[in-house]
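Peer 1: Okay, here's what each chain looks like letter by letter:
Protein chains: 2
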Amino acid sequence: MSKKSMLRSAKGRNDHPDNGRRAFLKNGLVAGGAAALGAAAAGAAQAAGENVILQKQDWRTYLGDGVDARPYGTPSAHEAHVIRRNVEWLTADPVSSVSFTPLHELDGIITPNGVCFERHHGGIAEIDPTAHRLMIHGLVDTPLVFTLEDLKRFPRENKVYFLECAANSGMEWRGAQLNGVQFTHGMIHNVMYTGIKLRHVLEEAGIKPNGKWLLVEGGDASAMTRSIPIEKALNDCMIAFKMNGEALRPEQGYPMRLVVPGWEGNMWIKWLRRIEVGDQPWHQREETSKYTDLMPDGRARRFSWQMDVKSVITSPSPQAPVTHGKGRTVISGLAWSGAGKISRVDVSVDGGRNWRSARIDGPSLSRSVHRFYLDIDWNGEPLYLQSRAMDEYRNVQPTKDALRAVRGVNSIYHNNGIQTWYVAKDGVTENVEVS
Amino acid sequence: MSKKSMLRSAKGRNDHPDNGRRAFLKNGLVAGGAAALGAAAAGAAQAAGENVILQKQDWRTYLGDGVDARPYGTPSAHEAHVIRRNVEWLTADPVSSVSFTPLHELDGIITPNGVCFERHHGGIAEIDPTAHRLMIHGLVDTPLVFTLEDLKRFPRENKVYFLECAANSGMEWRGAQLNGVQFTHGMIHNVMYTGIKLRHVLEEAGIKPNGKWLLVEGGDASAMTRSIPIEKALNDCMIAFKMNGEALRPEQGYPMRLVVPGWEGNMWIKWLRRIEVGDQPWHQREETSKYTDLMPDGRARRFSWQMDVKSVITSPSPQAPVTHGKGRTVISGLAWSGAGKISRVDVSVDGGRNWRSARIDGPSLSRSVHRFYLDIDWNGEPLYLQSRAMDEYRNVQPTKDALRAVRGVNSIYHNNGIQTWYVAKDGVTENVEVS
Numbered sequence: 000m001s002k003k004s005m006l007r008s009a010k011g012r013n014d015h016p017d018n019g020r021r022a023f024l025k026n027g028l029v030a031g032g033a034a035a036l037g038a039a040a041a042g043a044a045q046a047a048g049e050n051v052i053l054q055k056q057d058w059r060t061y062l063g064d065g066v067d068a069r070p071y072g073t074p075s076a077h078e079a080h081v082i083r084r085n086v087e088w089l090t091a092d093p094v095s096s097v098s099f100t101p102l103h104e105l106d107g108i109i110t111p112n113g114v115c116f117e118r119h120h121g122g123i124a125e126i127d128p129t130a131h132r133l134m135i136h137g138l139v140d141t142p143l144v145f146t147l148e149d150l151k152r153f154p155r156e157n158k159v160y161f162l163e164c165a166a167n168s169g170m171e172w173r174g175a176q177l178n179g180v181q182f183t184h185g186m187i188h189n190v191m192y193t194g195i196k197l198r199h200v201l202e203e204a205g206i207k208p209n210g211k212w213l214l215v216e217g218g219d220a221s222a223m224t225r226s227i228p229i230e231k232a233l234n235d236c237m238i239a240f241k242m243n244g245e246a247l248r249p250e251q252g253y254p255m256r257l258v259v260p261g262w263e264g265n266m267w268i269k270w271l272r273r274i275e276v277g278d279q280p281w282h283q284r285e286e287t288s289k290y291t292d293l294m295p296d297g298r299a300r301r302f303s304w305q306m307d308v309k310s311v312i313t314s315p316s317p318q319a320p321v322t323h324g325k326g327r328t329v330i331s332g333l334a335w336s337g338a339g340k341i342s343r344v345d346v347s348v349d350g351g352r353n354w355r356s357a358r359i360d361g362p363s364l365s366r367s368v369h370r371f372y373l374d375i376d377w378n379g380e381p382l383y384l385q386s387r388a389m390d391e392y393r394n395v396q397p398t399k400d401a402l403r404a405v406r407g408v409n410s411i412y413h414n415n416g417i418q419t420w421y422v423a424k425d426g427v428t429e430n431v432e433v434s
Numbered sequence: 000m001s002k003k004s005m006l007r008s009a010k011g012r013n014d015h016p017d018n019g020r021r022a023f024l025k026n027g028l029v030a031g032g033a034a035a036l037g038a039a040a041a042g043a044a045q046a047a048g049e050n051v052i053l054q055k056q057d058w059r060t061y062l063g064d065g066v067d068a069r070p071y072g073t074p075s076a077h078e079a080h081v082i083r084r085n086v087e088w089l090t091a092d093p094v095s096s097v098s099f100t101p102l103h104e105l106d107g108i109i110t111p112n113g114v115c116f117e118r119h120h121g122g123i124a125e126i127d128p129t130a131h132r133l134m135i136h137g138l139v140d141t142p143l144v145f146t147l148e149d150l151k152r153f154p155r156e157n158k159v160y161f162l163e164c165a166a167n168s169g170m171e172w173r174g175a176q177l178n179g180v181q182f183t184h185g186m187i188h189n190v191m192y193t194g195i196k197l198r199h200v201l202e203e204a205g206i207k208p209n210g211k212w213l214l215v216e217g218g219d220a221s222a223m224t225r226s227i228p229i230e231k232a233l234n235d236c237m238i239a240f241k242m243n244g245e246a247l248r249p250e251q252g253y254p255m256r257l258v259v260p261g262w263e264g265n266m267w268i269k270w271l272r273r274i275e276v277g278d279q280p281w282h283q284r285e286e287t288s289k290y291t292d293l294m295p296d297g298r299a300r301r302f303s304w305q306m307d308v309k310s311v312i313t314s315p316s317p318q319a320p321v322t323h324g325k326g327r328t329v330i331s332g333l334a335w336s337g338a339g340k341i342s343r344v345d346v347s348v349d350g351g352r353n354w355r356s357a358r359i360d361g362p363s364l365s366r367s368v369h370r371f372y373l374d375i376d377w378n379g380e381p382l383y384l385q386s387r388a389m390d391e392y393r394n395v396q397p398t399k400d401a402l403r404a405v406r407g408v409n410s411i412y413h414n415n416g417i418q419t420w421y422v423a424k425d426g427v428t429e430n431v432e433v434s
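As given, the protein sequences belong to chains G and V, one line each in that order. The first sequence stops at residue 434 when you use numbering that gives the first Met the number 0, and every number in between is there. The second sequence stops at residue 434 when you use numbering that gives the first Met the number 0, and every number in between is there.
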């Protein structure tokens with residue numbers, strides 16, 4: 000198999016005069032090498048005045064900080080590279096942009112709150128929870144206003160769900176673009192939510208017979224608004240106030256957000272302040288000009304809410320190359336489906352010619368990411384790594400080319416195509432496509 | 000039911016001249032009131048220069064921080080009160096002490112990494128992962144030394160386990176002492192670990208036929224050492240390098256710790272640097288003068304490794320009083336067992352005379368905490384709240400008096416007695432005992 004003949008490489012696409020992106024890719028590659036990582040972490044830590052710590056090699060001879068030093072703890076200075084990253088050229092301004100989850104550095108299925116990807120449209124609202132109110136009005140028997148404390152009196156539930164932006168992997172529609180799983184697939188996180196069923200507050204207000212849709216609105220400067228069909232709202236939507244045990248983070252909608260299991264992240268309204276019940280969808284900006292899928296014939300597919308079955312190998316990947324040479328090697332990744340549980344993940348090391356079933360490890364929960372592993376004995380020859388997920392309803396993840404054949408390349412949303420990483424003999428890994 | 004006749008109250012015990020503890024209890028109570036909480040959070044936030052944020056009430060008119068502002072995120076300034084706390088009078092020095100998980104502020108089953116309780120004996124070692132080594136020697140065919148990267152090449156697994164200090168609730172042996180679930184039960188946390196089976200590295204070294212015990216040693220200044228029977232080591236112990244998806248925190252043993260599912264936390268050696276295989280236990284300090292249970296006859300019970308079935312109501316509790324008056328009220332708590340899964344939790348509102356089954360919500364995983372709820376319509380009369388857990392092997396949580404009848408009050412370890420909170424008409428809640 001010749002690399003040259005079968006590849007459409009992200010690396011080959013770096014030669015155009017897009018300096019912003021080239022700089023970004025270069026930084027991504029530098030951050031990818033294990034040796035470079037150590038140096039970067041040391042540099043960051045030294046900049047933060049941590050050089051004394053890093054110079055201590057044998058901690059059996061030092062007394063460290065006591066229990067009063069860190070009332071709220073943070074990661075080791077040696078982990079300073081495990082952060083959300085944004086892409087400067089992607090949007091006009093950071094207040095309406097996205098930062099990406101460092102998937103290549105994580106394991107298991109829980110995304111730590113500190114590195115959950117962010118997407119906001121008017122910056123992070125920093126709301127005082129005691130001043131915040133949620134109003135429910137429109138086609139209801141009794142319009143109601145709730146405080147956070149009011150909501151905490153309803154029966155609570157705890158659910159682990161993935162939240163994926165509809166635009167995740169969106170830049171890959173036109174070919175391998177970004178050299179890092181953080182950037183190709185990092186618009187996803189997976190946390191345990193604590194909250195209440197949306198149904199409880201809707202029933203308290205009393206939905207009139209012609210109430211068929213909700214308009215949900217956020218309390219930030221963008222006043223993000225989406226229409227949600229009443230069936231979904233009554234079925235499994237939640238109003239969440241905690242993530243991974245503690246209060247929602249400001250960038251995730253503190254003090255309360257909507258949870259719309261399995262559906263695109265844009266609908267999970269943050270800083271939730273208003274729910275209006277109506278008899279038809281509202282066709283707001285974020286569900287017409289945005290978050291619809293432009294098809295090859297120029298028409299737009301709408302109401303494509305559910306996230307498709309999808310997977311990606313998180314390590315090895317361009318930011319997490321193989322540094323240990325041949326032999327025992329762990330291939331690890333994530334799989335998820337907006338329909339339910341993942342039933343199977345296959346992994347190929349030869350660009351999709353042959354497949355082996357990966358081992359799914361850890362809790363298998365509906366509409367949560369699943370962690371998979373394939374343990375191989377690498378012979379040191381180049382690998383074309385791919386993963387392919389199947390869910391409990393036998394939905395199967397397609398190739399990118401199969402997707403393009405149906406949907407064209409106009410859209411930036413709902414790309415669940417199979418991802419390929421090329422691992423060279425020296426372990427350096429890059430984003431490619433096989434044809 | 001007269002409060003006076005049936006109670007042995009923690010409040011009543013505050014009148015002795017232990018100023019250190021009195022100050023602590025007072026602080027605990029002040030932090031407990033919801034109004035006070037808001038004021039405390041605002042105070043802390045203002046001290047941190049966040050007063051501008053707190054003065055903004057309507058975030059629809061402000062652009063907030065962009066996605067480049069917080070590469071690693073932290074909680075809202077309004078959550079500044081959700082922190083680990085330590086008790087100054089408890090130990091001679093903070094480098095050999097404990098900080099407690101704020102259980103009263105958390106929900107679900109995942110403890111966020113930032114507030115997982117700490118217990119260390121020589122301060123927090125801040126080890127450089129690239130310099131760290133794990134040695135395996137003693138009764139093995141081939142002594143081995145592993146780097147962190149070496150360990151990451153073995154097959155990985157992900158498990159959610161509670162880690163409870165054997166001394167959790169230890170101060171309650173002699174009666175209701177501490178006015179807050181953070182302090183009575185906060186030496187526990189529950190995270191998802193990623194790591195490898197300890198068995199893999201032991202098999203790689205090859206255990207000789209007479210190898211029956213392990214000595215495991217930490218790389219900190221206390222060189223914490225414990226003996227572990229080989230059956231447990233080969234059965235389900237892990238070497239973990241991640242918690243809740245990201246690297247272990249320094250205070251939890253970064254870059255690697257032992258995981259000993261269901262057994263007392265002291266055995267979960269942090270900063271793991273050495274494993275020696277031997278033919279008998281070592282009888283180190285931390286398994287003779289400490290972490291044995293002094294019985295009424297003056298003899299010490301040893302090898303009491305497994306944590307017993309236990310539960311506690313986290314809200315309402317002294318630091319989380321009822322502030323909304325009578326009516327719809329959520330009673331919430333945690334239950335766990337070192338033997339396996341929790342099968343049932345009962346809750347009493349009348350000091351153990353009558354019991355109702357609570358609702359267990361969220362994943363039910365072996366040797367993980369379980370979250371339970373009981374939704375009541377509070378009539379505004381005083382409550383004597385208790386919870387009683389049962390595990391899948393029909394172990395049942397005992398009363399404190401039943402425990403004392405067998406074990407006396409000399410020990411500070413393995414107290415899994417039923418906890419009682421007294422909720423007054425005004426919602427103020429305190430630690431009491433019913434007799």
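Just so you know, these hints were derived from the structure itself, not from any lab. Note that the coordinates shown come from a computational prediction; the quantities given were computed from them, not determined experimentally. Any given hint might turn out to be false.
No distinction is drawn between identical chains; accordingly, a pair holds when it is met within one copy or between any pair of copies.
To be verified - Here are the simulated EDC-like pairs of lysine to aspartate or glutamate, each with C-alpha atoms no more than 20 Å apart in a straight line:
| id | residue 1 | residue 2 |
| --- | --- | --- |
| 1 | Lys207 | Glu286 |
| 2 | Lys211 | Asp278 |
| 3 | Lys325 | Glu203 |
| 4 | Lys196 | Glu380 |
| 5 | Lys340 | Asp360 |
| 6 | Lys231 | Glu275 |
| 7 | Lys325 | Glu286 |
| 8 | Lys231 | Glu285 |
| 9 | Lys289 | Asp235 |
| 10 | Lys196 | Asp360 |
| 11 | Lys424 | Glu148 |
| 12 | Lys325 | Glu148 |
Peer 1: Hint by hint, note whether the structure agrees.
Peer 2: Verification of the supplied hints:
1. Lys207 <-> Glu286: Close neither inside one copy (25 Å) nor across copies (66 Å); limit 20 Å.
2. Lys211 <-> Asp278: So Lys211 and Asp278 pass the 20 Å test inside one copy only (5 Å; across, 71 Å).
3. Lys325 <-> Glu203: between (62 Å within a copy, 18 Å between copies)
4. Lys196 <-> Glu380: neither (52 Å within a copy, 29 Å between copies)
5. Lys340 <-> Asp360: Both ways: Lys340 and Asp360 sit 13 Å apart in one copy and 19 Å across, limit 20 Å.
6. Lys231 <-> Glu275: within (15 Å within a copy, 57 Å between copies)
7. Lys325 <-> Glu286: neither (49 Å within a copy, 43 Å between copies)
8. Lys231 <-> Glu285: within (18 Å within a copy, 55 Å between copies)
9. Lys289 <-> Asp235: Close neither inside one copy (25 Å) nor across copies (49 Å); limit 20 Å.
10. Lys196 <-> Asp360: between (29 Å within a copy, 13 Å between copies)
11. Lys424 <-> Glu148: between (58 Å within a copy, 19 Å between copies)
12. Lys325 <-> Glu148: between (57 Å within a copy, 13 Å between copies)
Consistency with the previously given hints fails for numbers 1, 4, 7, 9, ordered from lowest to highest.
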